[in-house]
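Starting from the structure of chain A, add chain B where the hints point.
So the protein sequences, as listed, match chains A and B.
Its first residue numbered 77, the first sequence is counted upward by one per residue in this note's numbering.
Its first residue numbered 23, the second sequence is counted upward by one per residue in this note's numbering.
Simulated from the structure, these hints should not be mistaken for lab results.
Model, not experiment: these values are computed from the prediction.
One should not assume that every hint holds.
Said to hold, decoys possible - Computed footprint of chain A on chain B, listed as stretches where at least three residues anywhere in the stretch have a Cβ under 8 Å from a Cβ of chain A:
hint, segment
1, 32–43
2, 105–111
Stated by the list, open to error - Taking CB as the label site, the calculated pair distances span:
hint, chain 1, residue 1, chain 2, residue 2, range
3, A, 351, B, 51, 16 to 24 Å
4, B, 53, A, 134, 45 to 53 Å
5, B, 94, A, 215, 31 to 39 Å
As the list claims (entries may be wrong) - Facing chain B, from chain A, some residues (calculated, C-beta under 10 Å):
hint, residue
6, 225
7, 232
8, 285
9, 287
10, 342
We treat Cβ as the ideally placed atom computed from N, Cα and C, and that holds for glycine.
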Amino acid sequence: MIDVVILFFILGLIAGLLRSELKLPAALYETLSLVLLLTIGLKGGEGLAKQAIAPLLPQLGIVMMLGIAQTFIAFLILSFVGKLGRADAAATAAHYGSVSVATFAVATNWLMSRNIAFEPQLTIFLTVMEVPAIIVGIVLARGLSKQTDWRALAHESFLGKGVTLLIGGMAIGWAAGPEGLAPIKGLFYDLFKGALTLFLLEMGLIVARQAGELRKRGMFIIAFGVLMPLLSALLGTACGIAMGLSVGGITLLTTLAASASYIAVPATIRLAIPEANPALSLAAVLGITFPFNILVGIPLYHWLAVELTGVMV
Amino acid sequence: MTLSTEKRTLLTVITESAIEETLLKDLEKLGVRGYTVSDARGRGGRGVRDATWGEVSNIRLEVICARTMAETVLNHIQSHYYANYAMVAFLQEVEILRPEKFS
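Chain A on its own, in the form it takes in the complex (with noise of 0.2 Å):
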């Protein structure tokens, strides 16, 4: 069965290949990433809200070790491999450390339609894998150099768009409870479908305008933009076996960890490294593995949790 949130993304990628008209106002695509971070931090919160929170707190520095890991494994990959020079491969591994909150609106809806359920502290998981691998990318382009003006840094990282509308969405759902959310539930959750479903058509116009780019770059960052996640899923799913996890729960934190960032990343590193190409990291990230994880990626990981723990659902 495949997903119809999918098939607007795949008529968007060729409506953006075959270089059509559509086009969506920019308002719109900011006002759906508005409803679908909410929509996830509410739906987190209100699950977290049943449940003791300090058992979670050796959880979280697991999934931050996950994330700095992965930045790690992908500079190296990206200097001898790819031979990167060290800004432009400290910038993409910060993306590939990082988490794509679109890609795990996907894999949480992937999830949804099939009824298999998952622990509310993926989305604390999503909150806290977004910061450290930015932060592990600027070091490993500068070192620990005193230029680096900390504080903006993380003024940009903590309180950009996704970190706050997810921590206060899940502030909020924890607060208000199932009957607080009741009335505001039609506009968020009964929606997040038709949201993800516009949102994703305007991924594929900006997924499409990645081939050009892409054709310069090459056979490496193409097989890198596959690989990595791949790897970086094996990471995560080991990890969330060793959490204990539910399949549904194992199968978002693979998710989670193989996906790269778009927004919050390219944003601070644009400032934090300048001279690294954003193309690059972009083309990789949006033109390969943004489109991976959400055609293949996702049943793929799903299917190895399955495996792996041998549990049926």
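Using the frame of chain A, we list chain B on its own:
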């Protein structure tokens, strides 16, 4: 009736919206008292920047000030941003009213 206008310099900077905030902070530090920022799109050495989403959007920043101030700002942005960011900046002479506003 003839208007009594005075000459000032208009500095225009077209660049990536990614650096808008840092740029505006720099201007304040250099003593610029006012500016106008608008969204922009176009094409140049770094490809099409059509503002269809955040990472490829541009801004157009305009400052009217005294020639010396305009040159100070232009020097500053040339040394800090030209190498790594998509940026075009230029000066023009303009005629203004209320000269006390544009020192």
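Okay, the hints, checked on the actual structure:
Given a C-beta distance limit of less than 8 Å, the hint that chain A covers the segment 32–43 of chain B holds, as 3 residues qualify and 3 suffice. With 3 residues having a Cβ less than 8 Å from any Cβ of chain A, the segment 105–111 of chain B passes the three-residue criterion, so the hint holds. For the hinted restraint 16 to 24 Å between residue 351 (chain A) and residue 51 (chain B), the CB-CB distance of approximately 23 Å keeps it satisfied. Taken as a hint, the range 45 to 53 Å holds for the pair residue 53 (chain B) and residue 134 (chain A), whose Cβ atoms sit roughly 52 Å apart.
The hinted window of 31 to 39 Å between residue 94 (chain B) and residue 215 (chain A) holds, with their beta carbons roughly 34 Å apart. About 9 Å separates the beta-carbon of residue 225 (chain A) from the nearest beta-carbon of chain B, less than 10 Å, and the hint is met. Interface hint at residue 232 (chain A): satisfied, since its Cβ lies 9 Å from the closest Cβ of chain B, which is below the 10 Å cut-off. Because the beta carbon of residue 285 (chain A) sits about 8 Å from the nearest beta carbon in chain B, less than 10 Å, this interface hint is met.
Taking 10 Å as the C-beta contact cut-off toward chain B, the hint placing residue 287 (chain A) at the interface is violated, the least distance being around 13 Å. Because the beta carbon of residue 342 (chain A) sits about 6 Å from the nearest beta carbon in chain B, less than 10 Å, this interface hint is met.
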